[in-house]
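Colleague: Letter by letter, the chains look like this.
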Amino acid sequence: MGEFGLLASRLNDNTNLLRKFDEALRYFKKTKVEENSSETQHQAQKLLAVLKPVTVILDGQLSKSVDLDDRDIVELLQQRRLKDWQRYRNQIIRLTDKIESGNFEMTKGDYKMLDDVADAIDMQCANLFKRISGRI
Amino acid sequence: MKDYLEALIVEQINRALTLKKLICYPLKYSELAGLAERCTLILDGRIHFLRDLQKELENRAEDDLRDIFRDMRTCAREIAWVEYYGIPSLHYQTEEIGFLNKLMFKIHGEIGLPMPPPSVCCIATEHYFLDLFTNVIFAPLSEPEFLLHLSDLYHEVGHYVLENRNSELRLKPIRDKYDLVFSKVTEHYVNLLKDKRREYGPPETSMAIERIHSQWKSWLIEFFCDLFALYTVGPAYAWAHLHLTAKRSDDIHELSVLLAHKHPSDESRMRILIFGLKNLGFIEEADKISSKWTELAQFWGEPKTEYQYAYPDALLSQISELILHGLKESGISVVTPEIMTHDDNNNVGITLNKAWQVFWASDCQDFRNWEENRIRALRVALK
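Protein sequences, first through last, are from chains A and B. Each residue of the first sequence is one higher than the last, beginning at 1 in our numbering. Each residue of the second sequence is one higher than the last, beginning at 1 in our numbering.
The hints are simulated quantities; they were obtained by calculation from the structure and are not laboratory data. Glycine is no exception: its CB is placed at the ideal position from the N, C-alpha and C atoms. Warning: the hint list may mix true and false statements.
[Unchecked claim] Below, computed lysine-lysine pairings styled on DSS-like, alpha-carbon distance capped at 25 Å:
| id | chain 1 | residue 1 | chain 2 | residue 2 |
| --- | --- | --- | --- | --- |
| 1 | A | K64 | B | K194 |
| 2 | B | K172 | A | K64 |
| 3 | B | K55 | A | K29 |
| 4 | A | K112 | B | K55 |
| 5 | A | K20 | B | K106 |
| 6 | B | K172 | A | K52 |
| 7 | B | K262 | A | K108 |
| 8 | B | K2 | A | K20 |
| 9 | A | K64 | B | K55 |
| 10 | A | K64 | B | K184 |
| 11 | B | K262 | A | K64 |
| 12 | B | K184 | A | K52 |
| 13 | B | K194 | A | K32 |
| 14 | B | K262 | A | K130 |
| 15 | B | K194 | A | K20 |
| 16 | A | K130 | B | K196 |
| 17 | B | K55 | A | K30 |
| 18 | A | K52 | B | K194 |
| 19 | B | K262 | A | K30 |
[Stated by the list, open to error] Estimated spans, in silico, between C-beta atoms of each pair:
| id | chain 1 | residue 1 | chain 2 | residue 2 | range |
| --- | --- | --- | --- | --- | --- |
| 20 | A | T107 | B | R51 | 27 to 37 Å |
| 21 | A | S37 | B | L27 | 23 to 33 Å |
| 22 | B | K383 | A | S37 | 28 to 38 Å |
| 23 | B | K288 | A | G102 | 38 to 48 Å |
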């Protein structure tokens, strides 16, 4: 009946996605990207594993992703961008489409947005960890 | 900020190094070797990663530190996690910890788990839980002296199985069925949302349905673990759920649309267990447990309106069938009514089911005497 296992499971899943997302983010920041290389495609998938379910929620639909707390991530992003939420929301959707179409020419603004998404997952992890570690 | 970030990284490296020193070698119980190795691997991995991070930091500008900050925080959480939920078993190594780990090794063999068993530690300050990072199941201190809730160990093993479904090839059927189940759940709610939007009902209903769907990510984990326990240990797990609900539940229809990561309600968990018992052929036990549950459920009130959307029978029944197929296809030993008729005192699963039969058939004190004798015998058999 204790909630520890549940929280630990969600934390584990979200941490793994965050780690992969950050690896990919660093790859695109550092490397002169060859769009068709398998490594680039592999790294892009790590970003999309987070961005796609987030976009599904932003579109007002139900996401099929089992690992990511996508709805919580969207709420965290929204809390931080209340003033220009609609514009920001559209930008995230556009960035996801861009990466999905294989266009990896990222602007400074794109990287900032990806950092925002990663920060939101990190905050979600911190929140889950707080709920776990307060228990023992 | 760069200097401070470096200080944080160095502090975490020192923390990890100190934790490694707290593991007491030689280990008193060989069953703890897997845990010692896992904790050491995690800590070494984080030390290595933090040292790389320290080098990476040197080349970064002050306005380009966000990912390093996140990585440092992730490592700090993981090192604390090992400290809270891994090292204590390895530092204290009490007799009870030894017994529970031997018991887990025995259960591991009985259910045919295709990977190493998790460890067990009895210093929990709440009911059973598994820490997935260190693979340690925590049980309350006196649990090795009682039998009625030991089947909860199987539920925690379910968490362990689920967590490893992507990395262990032999668990692929479980992974596939789990993903299929979530697709079915999503399909159900997509259709429900369409219907509700067509009816032009209040927007709150659609919002409640969206949130209920989102909660299924957590609920499905628990339903899977409940079914895993039921299918590997048998009716004892359903009785244990009833017993724990009687002692602890404040609302068997609990449903919070706003607060995420809650367990599914006790009522829905019992309903899926009954479906599971019937799938296994335990018809008589399913009826007995159902009847006792109906009596017990009268102590709590009626569910709130949104409850009708949360746990539909058709979905629960479908999930119980798909998970059973997944377990069987992964080679997990699933119990049958026939197995339960064997008189094998050294079989943990049979003993736990027998305990419930004796519990319902005996006077309270007679049961306790029987229970104490069985535990003594089990300890001797596991020595």
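Colleague: Please go over all the hints and tell whether each is borne out by the structure.
Modeller: Now the hints, each set against the structure:
no., hint, in the structure
1, K64/A to K194/B, "17 Å, holds"
2, K172/B to K64/A, "19 Å, holds"
3, K55/B to K29/A, "17 Å, holds"
4, K112/A to K55/B, "23 Å, holds"
5, K20/A to K106/B, "37 Å, violated"
6, K172/B to K52/A, "24 Å, holds"
7, K262/B to K108/A, "39 Å, violated"
8, K2/B to K20/A, "23 Å, holds"
9, K64/A to K55/B, "39 Å, violated"
10, K64/A to K184/B, "10 Å, holds"
11, K262/B to K64/A, "19 Å, holds"
12, K184/B to K52/A, "19 Å, holds"
13, K194/B to K32/A, "45 Å, violated"
14, K262/B to K130/A, "15 Å, holds"
15, K194/B to K20/A, "35 Å, violated"
16, K130/A to K196/B, "37 Å, violated"
17, K55/B to K30/A, "15 Å, holds"
18, K52/A to K194/B, "22 Å, holds"
19, K262/B to K30/A, "40 Å, violated"
20, T107/A to R51/B: 27 to 37 Å, "32 Å, holds"
21, S37/A to L27/B: 23 to 33 Å, "47 Å, violated"
22, K383/B to S37/A: 28 to 38 Å, "58 Å, violated"
23, K288/B to G102/A: 38 to 48 Å, "60 Å, violated"
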